[in-house]
Every structure is written in C-alpha cells, then in structure tokens.
Amino acid sequence: MKHLVTFSIYALLVLGSVVMFFPFVWMLLTSLKPFPEIFDLRFWPQAPTLENYREVLFKTQFPRWFFNSLVVALLTTLSVLFFDALVGYTLAKLRFPGRNFVFVLILSTLMVPTEMLVIPWYVMSTAYGWTDTYWGLLFPGLISAFGVFLMRQFFQTLPTDLLDAGRIDGLSEFGVFWRVALPLVRPALAALGIFTFLGNWNAFLWPLVVVQSPQMRTIPVGVALFSGEAGTAWNLIMAASSLAVLPVLLVFLFFQRQIIEGVVLTGVKG
Amino acid sequence: MRPASPTRPRRVSLATREALWALAFLAIPLAFFLFIRIWPAFQALWLSLFNWHADPGQRVFVGSLHYQEMLQDPRLGQALRNTVLYTLLGVPTQLVLGLLVALLLNAITRWRDVFRAIYFAPYVTPAAAVAWVFSWMLSPNFGIVNEILGWLGLPAQPFLTSPTQALATVTLVVVWQNLGFQVVLFLAGLQNIPRDYYEAARIDGASSWQLFRHITLPLLNPVMVFSAVIGTIGFLQLFTQVVNLNFNDQGGPLGSTMTLALYIYQQAFLRLNLGYAAAITVLLFVLILVITLLQLRLLSRRVEY
Numbered sequence: 001m002k003h004l005v006t007f008s009i010y011a012l013l014v015l016g017s018v019v020m021f022f023p024f025v026w027m028l029l030t031s032l033k034p035f036p037e038i039f040d041l042r043f044w045p046q047a048p049t050l051e052n053y054r055e056v057l058f059k060t061q062f063p064r065w066f067f068n069s070l071v072v073a074l075l076t077t078l079s080v081l082f083f084d085a086l087v088g089y090t091l092a093k094l095r096f097p098g099r100n101f102v103f104v105l106i107l108s109t110l111m112v113p114t115e116m117l118v119i120p121w122y123v124m125s126t127a128y129g130w131t132d133t134y135w136g137l138l139f140p141g142l143i144s145a146f147g148v149f150l151m152r153q154f155f156q157t158l159p160t161d162l163l164d165a166g167r168i169d170g171l172s173e174f175g176v177f178w179r180v181a182l183p184l185v186r187p188a189l190a191a192l193g194i195f196t197f198l199g200n201w202n203a204f205l206w207p208l209v210v211v212q213s214p215q216m217r218t219i220p221v222g223v224a225l226f227s228g229e230a231g232t233a234w235n236l237i238m239a240a241s242s243l244a245v246l247p248v249l250l251v252f253l254f255f256q257r258q259i260i261e262g263v264v265l266t267g268v269k270g
Numbered sequence: 271m272r273p274a275s276p277t278r279p280r281r282v283s284l285a286t287r288e289a290l291w292a293l294a295f296l297a298i299p300l301a302f303f304l305f306i307r308i309w310p311a312f313q314a315l316w317l318s319l320f321n322w323h324a325d326p327g328q329r330v331f332v333g334s335l336h337y338q339e340m341l342q343d344p345r346l347g348q349a350l351r352n353t354v355l356y357t358l359l360g361v362p363t364q365l366v367l368g369l370l371v372a373l374l375l376n377a378i379t380r381w382r383d384v385f386r387a388i389y390f391a392p393y394v395t396p397a398a399a400v401a402w403v404f405s406w407m408l409s410p411n412f413g414i415v416n417e418i419l420g421w422l423g424l425p426a427q428p429f430l431t432s433p434t435q436a437l438a439t440v441t442l443v444v445v446w447q448n449l450g451f452q453v454v455l456f457l458a459g460l461q462n463i464p465r466d467y468y469e470a471a472r473i474d475g476a477s478s479w480q481l482f483r484h485i486t487l488p489l490l491n492p493v494m495v496f497s498a499v500i501g502t503i504g505f506l507q508l509f510t511q512v513v514n515l516n517f518n519d520q521g522g523p524l525g526s527t528m529t530l531a532l533y534i535y536q537q538a539f540l541r542l543n544l545g546y547a548a549a550i551t552v553l554l555f556v557l558i559l560v561i562t563l564l565q566l567r568l569l570s571r572r573v574e575y
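The listed protein sequences derive, respectively, from chains A and B.
So the first sequence is residues 1 to 270, counted in my numbering.
So the second sequence is residues 271 to 575, counted in my numbering.
Bound-form chain B, shown alone (with noise of 0.2 Å):
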C-alpha cells in the first residue's frame, strides 16, 4: 500500500469525498433495515399466500384462501372486535385521566417530582411480571381488591374469571401501567404554555373555564395527539398483559379477552399456521396505518397564538 498522494484531495471531490464517508457510515445500518426490518415485511405478506410447512420445498401456493378464511373465522372476528374496543376504552381513558394527574401535579409546588415519579414508576417495570401481580390482586376469591370491596360494603367481583368483565379489567391494568407516560408528557406541555397568555386572559376577565378551554386545551393538541396516537398503537399491539393476566386461558374466559396480537401469536406458534397468521398480521398493518393516519388529520389541527 502506498501512501496517500498529497495530491489525492484534488482528484477526489470534497463532495465525492463526503458522499463516500456517507456510504461507509450508512452500509451496516442499510444492510440492517433491508434484511431485518423492510425484506421481512415483504416475506410476511409472501407467507400469508402459501399454507405453511417447515421444508420449503412443500410449501403449497393458496392465493387470497387465508383472506377468504378470515372472513370466516368467528374467533378473529372476536379478536378484532375486541382489540377495537380496548383501544376505544382504554385510550380516552389513559388520555383523560392522564391530562388529569398532569393539571393537579402542575397545580402543586411541593412534592411535584415526588408524585411526578410514584406516578410514572409502573411504566418502566416488566409488563409480563406487573400482570402477575395484579391477577393475585384480582383473584376472585383471595384477592386484595374484592377485601377492599368488603371493607367498603360492596359485593366481590368476578373480574378476570367474567366474560363480561375481563376484558375492562384488563385495559385498566393497561391503563395503570401507561398512565404516567402520559402523565409527563402532558405535564411538559402545560410546563411550556407561556404564563402571559393566561394573564393576560385573566386581565381581560376569562373564567378559569375559559382558559382552560380556550387556552390549555388547544396549546396541549400537539401532546394530545401524539399521546392518542401512541396509545392508540400501543392498545392494537396488546399482548402481554392479556396472556399473563390470565396465563392458563389465554384471551379467555371464553375469548373475551383475545386481542389480534395473540390470536396471530397463537396460529403462528401453537398451531403452526404460519401461512395464515401472516395474512392477519397484514391485516393489523393496515389497521394500524389507517387509524394513525386518521388520528393525524382529525387531530393535528394546528394552533398558533
């Protein structure tokens, strides 16, 4: 190897030069999202036409039959209806309540960060152990919360052993768990409006009402929506919560808990229908795509002062 030339610089262009640094910095990380994360969401919709078998060779082309059968499957119908409904309860829920939390602890001058971490503590603990927790709390018979329902006079419930009720339960627990993302999140945002705007409404005689209405609630959209949309996300995934809270029966009683990740979990892995769990996961991509894209116009409206 002979050493660089001082006359090499001329050659190569300094825009040659850095467009090559670039190639050099960004070849593993190409590389990376090509094989792991783009070619594998292509393989996904390319598995969902062929009926599964682990020797390639004998992997049988079936067309659109996964779609057709999903149409028929009255147990994805349940889980989808289902994972619908936990994201319609449990996002307006972790939202409002969140905002909630957010205005009291903004409303506050001591112990701010105290609450502040008790608050957010449960979001970074390992969702698979937490969920354990709570289905020893809720055990119908020797369950801490249906004593506390005693000490209050009202009766026991069933909660994760009722059809009816499981599902509720299970998003609170969600809930619980999420609430102080969303807390601090909304706490940066009412921590960054602007004092003057709220004195000077006072001036001109607003009611505290009002500024709520007319000054926090729009100035907090951006938080708003960027919470809705996560949550959102975040509920059309579920999937630990919903197997550990009731390991032994998985998204039951009686499926009334079974979202779409763990029904998709569930024909991969359990039964090896690999084919058509990969056409289910095509239909949550789209689910997914689509309802973000909404949330981003409904809510994005945007609010300058």
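Bound conformation, chain A alone (with noise of 0.2 Å):
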C-alpha cells in the first residue's frame, strides 16, 4: 500500500514535469528542422540542421538585441544593488527626522501599475529624446522600491554593535554601510541582483513602447516582432525563441539552487 502512494506520486509529479518541459523540447526539435518538415510533426528532425539559427543570427540582428538586453539587464541590476541597499540601509539604521515619512513614500510607489506610468515615462522620453537610447530602456528600472523594502527588512536584523564598532575603528558612515553591513547581506543581493536581472532580460511592455529601430531593440521584443513577420516559418521563429529561451534556461539550471531559494528569501521576508 505505502510502495503504491509512493509510486503513484512520482508518477504525478513525472506526468506534470514532462508538461513542464515538453514545451521546450518541442521548441528544440522545431528549429532543428527545415521547413518542409516542421508540418509532418513527426517527433524527431529527419534531416536536423542548424541552418535555422544560421537565418536567425545573420539576417535579423540578433546579436545587437542579446548585447542590448545584456546592457540594460546588467546596468539596472548594478544600480539596483546599490542603490536599494543604500537606501535601506538608511531607513534600517540610520535615525534622522521623517525616516518613517520617507519609507512610506516609497512603499506607496508599489501602488502604481507600470500601465499608468508607461504613458508619462513615453511624454517624458520624446521630450528630452531618450527614445531609442540605453538611458530610455532603463532608466524607469535604476530602483526598485520592492529592493527597498527587501533591504531594510535584512539591514534591519544586523546587531547595531557591529556597525558601532566600525564606526570606532575610524569608519565613515559609508564606510560602515559598505565594508561592515553589505558583506552581511549578501545572501539577501544574490537574490535581489538575480531577480534584478531576469525581470529586466525578460520586460516586454516598456522596450515596446520606447523602442522604435531595430537595432535598439532588446531580445524579447526583437523576437516577437520578427516572429511577427515570420509568418509560417515556424523554424525560424522557434529558432529565435531558443535563442532567446535557452541561455536563460542555461544559467537557471547552473543556479538553479541559488534563484530558488532566493524566491524563498524574497516570498517569505516580503
């Protein structure tokens, strides 16, 4: 009876990987395949050849988009780690008039949906003429409030002694946020930092609107748009879609127990 449950549960959670995973399989055996044969949906690629990607990587600019969207996830990441550390770190505990005022007004940011900020974020960019820059892809990005508050909650744990004692030692108070606090909450900047960087490699809404050359483009929207006029060549869009798919599955599967348990951090703290 017990060997029953236990194999009628694996056999659950099997089921529901192969769904899980299925997807991305097919999405491989699809580019692998020359167009004629994507229709006959036999399992494996008869004749599989790489020529897909060949179209992909040459005649899009597929490689301009991977550099973009590795600019713009890298810098936003950096300052968001910074600057979100810093400043909860401030709030955490540093004591100064209006410190409760200040929390609040950032928290209260979370309120607001991207939707609405999106159309301002637009006006603002024509005007000063940040379409179609780096700055415009990533500017609304360089802090996050969530980081914030994620920040403070960890900064807020650490034994102010500790800090007291830099502070002895000579210490200024940025020293002290930097060479005493930030060593300790490095398991709290793995998870923002990643997190950081996924929610920016993955952002559509935003690289849509404030991007209009091609070669501005960052990965997703690149992608969408030359699947758009793929028409039925679904080789060549399931080609662009691993392109875009596969190096983040990649580093997933490398630090698979890092990001999840990053998730944890971050679900449980916030």
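It is worth saying that the hints were derived from the structure and are not from the lab.
From the three backbone atoms N, C-alpha and C, an ideal C-beta is built for every residue, glycine too.
Do not take every clue at face value.
Stated by the list, open to error - Selected chain A positions facing chain B (in silico; Cβ < 10 Å): (1) Gly16; (2) Asp40; (3) Phe83; (4) Leu91; (5) Met116; (6) Phe177; (7) Val180; (8) Leu184; (9) Gln215; (10) Val251; (11) Leu253.
To be verified - Keeping only pairs whose Cα atoms sit at most 25 Å apart, straight-line, the calculated SDA-like set for lysine to any residue is: (12) A:Lys93 x B:Leu300; (13) A:Lys93 x B:Ile473; (14) A:Lys2 x B:Ile473; (15) A:Lys93 x A:Asp164.
Take each chain as given, in its own frame, and dock them per the hints.
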C-alpha cells in the first residue's frame, strides 16, 4: 500500500514534469527541422539542420539585441543593488527626522501599476529625446521600491553593536555601510540581483514602447517582432525563441539552487 | 579648503551628523522616486483630463470627458470583463495546482530538488518567446497538442482561434509559466510547519484529512495570501502573453482575449489617444488597489498555535 502511494506520487510528478518541460523540447526540435518537415509532426528531425539558427543570427540583428539586453539588465541590476542596499540601510540603521515618511513614500509607489507610468515615461522620453537610447530603456528601473523594502528587512536584523564597532574603528558612515553592513547581507543581495536581472532580461512592455529602431530592441521585443513577420516559418520562429530561452534556461539550471532559495527568501521575507 | 578642526565633532552633534549622512544617502534615490515614480503617476491623472497632442500647447482640456467615454466604450467593457475573468480563472487554478504539486513534493524524499527545478524553469524564461512556442504547439492544424489529442482519440480543438476557447487557453499558458513560483513558495511554507504539530495530532487520532484541514491549511494561510495577491496583480496586468500568443490579431479573435493592459497599450501607442489611455490606467490603478486591499482583508486571518 505504502509503495503504491509513493509510486503514484512519483508518477504524478513525472507526468507534470513532462507537461512543464515538453514545450522547451518541442521548441528545440522544431528549430532543428528544415521548413517542409515542420508540418509532418514527426518527433525527431529527419534531416536536422542548424540553418534556422544561421538565418536568425545573420539575417536579423539578434546579436545586437542580445548585447542590448545584456547592457540593460546588467546596468539596471548594478544600480538596483547599490541604491536599494543604500536606501534600505539608511532606513533601517540611521536615525533622522522623517524616516517613516520616506519609507511609506517609497512603499506607496508599489501600488502604482507600470501601465499607469508607461504613458508619462513615454511623454518624457519623447520630450527629452530618450527614445531609442540605452538610457531610455533603463531609466524606469534604476531603483526598485520592492528591493528597498527587502534590503531594509535584512539590515534590520543586523546588530547595531557591529556597526558601532566599525564607527569606533574610524570608518565613515559610508564605510560602515560598504565594509561592515553590506557583506553581511550577501544572500539578500544575490536574490535581489538575480530577480532584477531576470525581470529586466524578460521585460516586454516598456522596451516595446520606448524603442522604434530595430537595432535598439531587446531580445523579447526583437524575437516578437521578428516572429510576427515570419508568417508560417515556425522553424525560424522556434530558432529565435530558442535563442531567447536557452541562455536563461542554462543560467537557471546552473544556479537553480541559489535562484530558488532567492524566491523563498524574498517571498517569505517580503 | 581647510582640514576639519578637531573641535568640529563637538559643534555638529551626533544626531545632526547622522541626519546629514542620511540626506546624502537618500538624495539620489528620493529624486528618482519623486521624478520617475510619483510625479508620473500624477501626470497620468493630469493627462487623463486632456485630449492628447504631441505639442503641449495644443492639448485641449476636456475634464471628465474620457471617463464618460469609458462608460460607453463596449471594447473597454469587454477588456474589463475579460481581465476579471482571467483573474477569476487563473488565480484559483494556479493556487490549487501549486499547492497540489508542493504537497506531492513535500511527500517525497528523493529527486525533490530535480522536480522543483523542472517545475520552476518556465518561470524564469521570457514570456514573449515562450508564448510563441505555445502559439506553435496550439496551432489548430499543425500543432502538436491537437496531434496528441488525436492519439488519445479526442477531437482536435481550435484553441486560440476560437472566441470561446481562446481566453481559457491563454490562462492555461500563464498558469503553466507561473506554477513553479507558487510551488516553491508553498513548499517553503510546508517545510516551515513544525513536525511536532502533526505528531501530536496523530497521537490524538487525527486522520490525514484532518491534519491537512486543521494544521496545514491554516498555517499556510500567509503564503496563500501572498501568492493570491501577487497572482491577482499579475493577471490584472496581463499583457505579454496575450500579445504574443495571437500576434497578428492581438486581443482577438473578436476581442475575446483583450485585456485592460493591452487595450491601454493600443489606445496609447497605436491610436495615440494618450489622454483616453491615461484615464483607463487610472481605472486599472483603482481596480488593483481595491482588489489587493479586499484580498488582504478577507484572507489574512492570523493563525497562532
């Protein structure tokens, strides 16, 4: 009886895993088929080819989109990590008038949906000539209110004595933050960093709005607009999708433990 | 510049010094939040009172006109109904499935991390690209899903091409992508429940169902509230999957998958009705605010053992 239950549990989980993973498999298999083969729905490619990838990589500006996504995601992540930690630390560990007001002010911005801000951001970007620039792509995400909240929670758990020890050793207030407090919240920084990077790498709405020229597209926008023009060339569309999905999937498989623990950390704390 | 004199710390009190540091640390972030987050929110409100024109001098003040238009816009009504329907369908589905998978994972000892990783993988992949994969798999004539239905002796389905099936299909794709997030949160919640509770209840003769009903569920309540709120906000802002699943007829067929976010996007950036679109974003804001507050109220009964 007990064996039967255990067996059923594993069977269900395997079945679910197939549903979760099959789309990636089918995407890859289709991307390796020549055009006429995609419609006969055989599982394995009869004449596997990398031609689809060659076409996407060389006939579109995919390498440039990859670079754009990397620039935007990396710069945004660095900025978020630095400023969110700094603000979180200030709100958790420094005493000054208006501290609660500042905290509530920052938190209140979480209630505003992106859609509401996109229109004024667009107006702003056209007025100042920020469309089609890296600055235009990344300015809305430079600091995250959620990250401020998260970092504040973590800094609050640090004993103040430890920071005072740093002050007695002659560190400036910034030195205390940078050399004493920051190294102690590394797990929180890792979690915040990973999510900021992924969020920006996968972002769709704002990059779609602020970019007009093909060479400034990020990967999701580039792949979507390319696919929209590809008609029924699903082999090419799946090659483009694979190029968008596989790097993220590889990074995830490599760091899956840290990433999942990061979700738990942010979810349970936040 | 003369170096700071040794008496300086005595003149500037410790409290003032700390406040000055705080000011220095907060200056740039506060400017960011004011100019990039808070001021634009008010600007959206302001813009909703004008007829948009690229030249600021030619924007005409129309007062509440856009809000009156909203009441008589059947396509907005449809987008609103769809958005509510997505949320009502999607949030419970992903909560129940997420809890189910988490319970299964919690019951096994081997391969747990491998399964957890497989279920979580879709969550990290770009929604735009993944939607194209589903759009291909669900294609009525050449899609693998209908092929598999055929093997099982089931009739082929129109899925995204049918006004009656498209919304549910989009919902399932979104649930597929969100599921791992729910699973990971629920699993962490389950593992936080002390084993003693179960053991004590079992000694008292409680059945498995009673354990689940009276220990697991109440203690998971905070995680459920969090997941439900995050899930609801996500579904109310549904955009990327809808656009990419049916790229050549976004929101179609016959507007059956149209969402508020997509309608806002189309009004603002395809028709350049930025004022009207801004008015709809105000509606979205109010909707999200009200539902979030309601959910927090309804669901967050604290449980202490």
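Status of each hint after checking the structure:
1. Gly16: holds (6 Å)
2. Asp40: holds (9 Å)
3. Phe83: Nearest chain B Cβ about 5 Å off; hint holds.
4. Leu91: holds (8 Å)
5. Met116: holds (4 Å)
6. Phe177: With a minimum Cβ separation of about 8 Å from chain B (threshold 10 Å), the hint on phenylalanine 177 of chain A holds.
7. Val180: violated (14 Å)
8. Leu184: Violated, about 18 Å.
9. Gln215: Status violated, d = 18 Å.
10. Val251: It holds, given that the least Cβ distance between valine 251 of chain A and chain B is near 8 Å, below 10 Å.
11. Leu253: holds (7 Å)
12. A:Lys93 x B:Leu300: Judged against 25 Å, a Cα distance of about 17 Å means the pair holds.
13. A:Lys93 x B:Ile473: Violated, because 47 Å separates the two Cα atoms, which is more than 25 Å.
14. A:Lys2 x B:Ile473: holds (20 Å)
15. A:Lys93 x A:Asp164: The given pair, whose Cα atoms are some 11 Å apart, holds under the 25 Å limit.
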